[in-house]
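Trainee: The whole structure should be built from the sequences, with the hints applied where relevant.
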Amino acid sequence: MSDRFETHEHDVLIIGAGGAGLRAAIEALAHGAKVGVVCKSLLGKAHTVMAEGGIAAAMANVDSADGWIPHFRDTMRGGKMLNNWRMAQLHAQESIDRVKELEQWGALFDRTSDGNILQRAFGGHTFKRLCHVGDRTGLEMIRTLQDRGVEMGVDVYMECTITKLLKDGDRIAGAFGYWREQGRFVQFKAKSVIICTGGIGKSWKITSNSWECTGDGMALAYDAGAELLDMEFVQFHPTGMVWPPGVQGILVTEAVRGEGGLLTNKLGERFMQKYDPKKMELSTRDVVARSIYTEVKEGRGSEHGGAFLDISHKPAEYVKQKLPSMYHQFKELADVDITKQPMEVGPTCHYMMGGIRVEAETAQTTVPGLFAAGEAAAGLHGANRLGGNSLSDLVVFGRRAGLAAAEHAKKVSAPNIDASEIERAEREMLAPFDQSAGESPYAVHRDLQDMMQSLVGIFRVEDDLKTALAELDKLKERATKVRVEGSRMFNPGWHLARDLQCMLTVSEAVTRSALARKESRGAHSRIDYPGLDEQWGKQNNITKREGETMMLKQVARPPLPDDLKKILDE
Amino acid sequence: MPEKTVKLKIKRQASPNVEPHWDEFEIPWKSGMNVISAMMDIATNPVTKDGQQTTPIAYDSNCLEEICGSCAMLINGKARMACSALVDRFEQPITVEPLSKFPLVRDLSVDRSVLFENLKAVKAWVPVDGTYDLGSGPRMTPQQQEQNYPLSNCISCTICMEVCPQFNEETNFVGAATISQVALFNDHPTGAVLKEERLHALMGDGGIHECGYAQNCVESCPKEIPLTRSISRVAGQVMVQSIKDIFSS
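Protein sequences, first through last, are from chains A and B. Count along the first sequence from 1, add 6, and you get the number used in this note's numbering. Count along the second sequence from 1, add 22, and you get the number used in this note's numbering.
Hints are computed from structural coordinates only; laboratory data are not their basis. No residue lacks a Cβ here, since even glycine has one placed at the ideal position from N, Cα and C. Take the hints with a grain of salt, since some may be wrong.
Here are the computed distance ranges between Cβ atoms for each label pair [claimed, not checked]: (1) 158/A with 76/B: 36 to 46 Å; (2) 76/B with 434/A: 39 to 49 Å; (3) 25/B with 132/A: 51 to 61 Å; (4) 163/B with 552/A: 52 to 62 Å; (5) 555/A with 99/B: 55 to 65 Å; (6) 191/B with 558/A: 31 to 41 Å; (7) 168/B with 555/A: 53 to 63 Å; (8) 487/A with 76/B: 18 to 28 Å; (9) 486/A with 50/B: 45 to 55 Å; (10) 133/B with 487/A: 30 to 40 Å.
Mentor: Okay, structure coming up:
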């Protein structure tokens, strides 16, 4: 084993300190494991803090008819039956206890008049099911889990990026990475590794995701030989801000249209007249999304590739009263006054349903000792995710992963780290400094984002996807030759050169899966195959590395047991 | 016609051991630009106003929606979140410096781990044994929840500590954020179990008596947390506790 680098040893190493990572850490600690958590930013600042709506759990505090069965049914229907049914079942059953536990640990949920946790309605949920803390549920969840983790004495390695998972034969042996501030390399030896790195939004130009969401965990797992599942299912919100940069990607709630907002193209035409003259702007989300898409594709989009959404014809006081947080957010973050000027909106990449393939009970991947939970893992949400089901996903499967990883660590011996693997990881990281010519990683990243936004976005078509694959080949080639200036001391260009590799891997997996699935289902909308396809409804897409090639195959969806089938038929 | 530009003057320091210097930048203006998006633009082409090639600026940031608390820094001398610092609202050149009361890491990045140490010292958590299922948490009225809601809004940005004249090495004062968390957890039905320990922690070195009621904290908090009210509440609790201590000793 190489001793040239700072080395840390843990039973369980967790990559990512969002809701899933922290919950996994708490569980593994409770089961006696020595736990380390690595995160790219600071503790308590993970992307989870941005979740607003709430956490879905069938507590039945407000609607007494709710229970795990309706929650399970809603989740499966939302996911167009492509979900891993066992995950959907566990999630519906266990999210209730996970919320109670957060409450025990001090999370300050909004209350009913009799002192229980208040629950609100949300799209796709049959009952009032979302427990919330104002409109900042994610922040409260992170604060609560962080306080609990601090109490239990978790070791956190902040501002550290993992670049490679290490293996001992077939099984996991640890991870290799660097300190973002100093650029020094560091290795972690671990019997179990849990990936909780979240989503992949930064592959698209317009995204609500933070800078950390570059698909690291999915790419690391893929490189280590794990399988990726249903990567075509990327959730876009049809109206996100496309301009100005300070608020780019931030969601514009559908309430703006509900309150009378008008959609226009660059010619000033209210284009919904062409697509849904009856309902106009109040048309369904997918029709609005597709109308904006068509306007942009046909050259009538706004300067920054969107449409205008205008509520300024309403009295300013009315707008401020009906849309208070929208008004304040855009005013404070980018000086956009929505009572005076139109917003420029377009599809924004919001959430990744696809990800690392895991076993429902243990969250273990196909690589022994490697686990995944949260947005980085796949299966629970199927073809589309219901609002509120992501925060509950984090705590249900974060806990399961932490438990299984701790148990796994008890059973196996200490792994050996292969020195040659470390050397290779080091060489890969240093390569951008050796380029004498070559372009900036920022240029390649910008082109990747533009390409994914226009060709592998909210609506897909075969020609675009084929072009995207060809473009990805060129971008991969360019990415091998990017040049980085300066030293390894906090060097964002160098960090991006590395993150770019992850984004290219996940982008390719998304594109290949999207090309293969010749139907429209959930978040995957094919212009050339607008309907559901029976055969595709019975199978999942799996992406796996074979040598240097990305292979795609289809596997049959496991059949539902009779009792669950009956629930869904009701 | 010359394009509109933004001028920034940024304090740079490669490491704690070297002398700081200032780099000046002049970059193309964009509508709605804030200090973070300006520094992102600089990172793609790190060249100073005088045409000197330099390195991208080191800083902490994450959500860019003023909810994660990462990007606190001094902008034109005032501590605030950089993601909501709109360049059009500042006199130029806009000076950007790291928070001054925390150990410098590099450029605008500082080590704020003292906040976690302080939270540990006052046991800012609800103590429960997490190895078995406890069922629902304690009931809480909507009024109780609403009273404490503002306190749980803390984003750990440490601005209240930066602006506090008493937060320094001489006093070891824990700062307003920590005291406000004590108020939050002392009020929690289960968290109150540790109330005495928390109050004792605030009686010692750097405790609540160091507060000079300058009120800078409450004026600077980006989340408008009623910090001075928390301090008054906890100060009252500390006083009651110290009287109790006299009688029980």
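Trainee: Would you say the C-beta atoms of residue 163/B and residue 552/A sit inside 52 to 62 Å of each other?
Mentor: holds (60 Å)
Trainee: State, for the Cβ atoms of residue 25/B and residue 132/A, whether the hinted interval 51 to 61 Å holds or is violated.
Mentor: holds (55 Å)
Trainee: For the range 18 to 28 Å, tell me whether the beta carbons of residue 487/A and residue 76/B fit it or not.
Mentor: holds (23 Å)
Trainee: Within 39 to 49 Å: is that where the Cβ-Cβ distance between residue 76/B and residue 434/A falls?
Mentor: At roughly 27 Å between Cβ atoms, residue 434/A and residue 76/B fall outside 39 to 49 Å, so the hint is violated.
Trainee: That 53 to 63 Å hint for residue 168/B and residue 555/A (C-beta), does it hold up?
Mentor: holds (58 Å)
Trainee: Starting from the range 36 to 46 Å, see whether the pair residue 158/A and residue 76/B falls in it by beta-carbon distance.
Mentor: holds (43 Å)
Trainee: Quick check: does the Cβ-Cβ distance between residue 191/B and residue 558/A fall within 31 to 41 Å?
Mentor: violated (60 Å)
Trainee: Using the Cβ atoms, figure out if residue 555/A sits within 55 to 65 Å of residue 99/B.
Mentor: Distance hint for residue 555/A, residue 99/B holds at roughly 57 Å.
Trainee: Verify the CB-CB distance for residue 486/A and residue 50/B against the hinted window 45 to 55 Å.
Mentor: violated (31 Å)
Trainee: Take a look at whether the Cβ-Cβ distance between residue 133/B and residue 487/A falls inside 30 to 40 Å.
Mentor: Holds, since residue 133/B and residue 487/A (Cβ atoms, about 36 Å apart) stay within the stated range.
Violation of the numbered hints given earlier is confined to hints 2, 6 and 9; the remaining hints are satisfied by the structure.
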